[in-house]
Amino acid sequence: MTPVVLEVPRMLRDCTEGRPSVAIEADRLGAVREAIRSRWPLLATHVFAESGALRPHVLLLHNDRLVLRGPPDDVRLDAGDRLTIVQAVSGG
Amino acid sequence: MATRTVLWVGTVKGAYRFDSDGDRRAWRMGPPLLQEWRVDAMLPDPADPDRLLVGTSHDAWGATLRETRDAGATWSQTLLRDPEEPAEFPLTRVWQLTRGGEAGRLYAGVADAALYASEDDGASWREIEGLTRHPSRPNWHPGNGGLCLHTILVDPRDPRRLWVGISAVGVFGTTDGGESWEALNEGLPPMTMTGTQDEDAMFCIHKIALDESDPDRLFMQFHAHTMTPDGKRSSGVFRSDDAARTWRAIDRDLPQRFGFPLTLSERGELFVMPLVSDENRVFDQGRPTVWRSADGGDAWERRDAAPTAEPVFAGVLRDAMTLDSRAPTGVYFGTTVGDVFASADAGDGWQRLPVRLPRVLCVRAASYD
Chain A
0 MTPVVLEVPR MLRDCTEGRP SVAIEADRLG AVREAIRSRW PLLATHVFAE
50 SGALRPHVLL LHNDRLVLRG PPDDVRLDAG DRLTIVQAVS GG
Chain B
0 MATRTVLWVG TVKGAYRFDS DGDRRAWRMG PPLLQEWRVD AMLPDPADPD
50 RLLVGTSHDA WGATLRETRD AGATWSQTLL RDPEEPAEFP LTRVWQLTRG
100 GEAGRLYAGV ADAALYASED DGASWREIEG LTRHPSRPNW HPGNGGLCLH
150 TILVDPRDPR RLWVGISAVG VFGTTDGGES WEALNEGLPP MTMTGTQDED
200 AMFCIHKIAL DESDPDRLFM QFHAHTMTPD GKRSSGVFRS DDAARTWRAI
250 DRDLPQRFGF PLTLSERGEL FVMPLVSDEN RVFDQGRPTV WRSADGGDAW
300 ERRDAAPTAE PVFAGVLRDA MTLDSRAPTG VYFGTTVGDV FASADAGDGW
350 QRLPVRLPRV LCVRAASYD
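Chains as they are written, first to last, in numbering that gives the first Met the number 0: chain A, 0 to 91; chain B, 0 to 368.
Okay, chain A solo, but in the shape it has when bound:
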């Protein structure tokens, strides 16, 4: 598996023992959810809906690029890649 860095928003850092970023192991984007869920189940509950998709107002960035909600589960992750969880800009 590939070690990548997961950056956690301030509101959810009590789910990661206060850490602003944590290391997870995932070799492709499609494996990120399971990697979070197995190590940080509280964080996974806040980030993913019951369907397994990202919650409607949650975004995931891969090396600062937005991961679109649907497909790219097969996008390969390289060691040291950065994944960032952010709240989408919603409302007025």
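Simulated from the structure, these hints should not be mistaken for laboratory data. Quick caveat, the model's predicted, so the values are computed rather than measured. Possibly wrong hints are sitting among the right ones.
[Claimed, not checked] If the Cβ cut is set under 8 Å, some of the chain B residues that face chain A in the computed set are:
1) D58
2) A59
3) G61
4) T63
5) L78
6) A326
Glycine residues also receive a C-beta, built at the ideal position from the N, C-alpha and C atoms.
Could you slot chain B onto chain A? The hints should help.
Frame of chain A, contents of chain B only:
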């Protein structure tokens, strides 16, 4: 005998704590807590004033339970569901937290409507699937606040006997600890606007209270909807004397029938807060008013919470009024514009606490020696 009261106020942005002096006239406000979270439900510990269980949610980040044992300095989170197990419906909010009549037993009512139980004081939870699998469930429709299980009542004589209220569905009761449930809505006006024809699931219950000295007696604030094009409204406040099997209206002398909260004191004082109507959910003429009945709803007395203040065109949500256990009864409510009112004498006299908070969702009081 209790000598002080702690008042907890949950809002769309955080929770706030107020500590009273002995006669509940002076209140000291603590620092804001959980400010970025919506605090939907609260359950104070009856033995520890610094311990509080809350249901929190956020439009982006979802809902969980949180507990503090140090008055909010630190919090821990608990999941109601195992994220590894598939879920048939979303969990968007925790609407109600209640003690279950046995040591360590707690209940949580959530949206989408479901009931969870803990036997270890909130450390772990399981769904009461007998309710979720009620045959009427496919016809359950949400009210304006969502498909929420917002009221949980436990018979103090028999903890296997429970009632729950679900909007806009109805009342369900169990006598076997939640294995089987029966719809208990006879006498209530059906809510045809929800679009269902299921007689077990077409009633918009706003709040129910149980008379713990006579647990066959329950009181209800109902939606009081408009029934005809010319504005005829249904009744809004009901009483049951047969454990919710049948309901009869007790609001003949109330000027308005629509409202959300309804509370009952240990001394049998019943409190409601009518709003103008379904279509105009504010205090009549901008006057926050509590109506009190000392005889089970046969006669009502009006008590103005702010008779000389500027008008307040706001409302009160279903869990935003509460009572304490002291004598005379302390009555407390928070409004949709963030005002908090307190009475130390069963609603005869009132003060507005010197603060304006975010929209108030829930208010809870607990008294301590």
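Comparing the hints with the structure gives:
1. D58: Status holds, d = 6 Å.
2. A59: Status holds, d = 4 Å.
3. G61: Cβ of G61 of chain B sits 5 Å from chain A, so the hint holds.
4. T63: holds, 6 Å
5. L78: holds, 6 Å
6. A326: Constraint on A326 of chain B not satisfied, violated at 40 Å.
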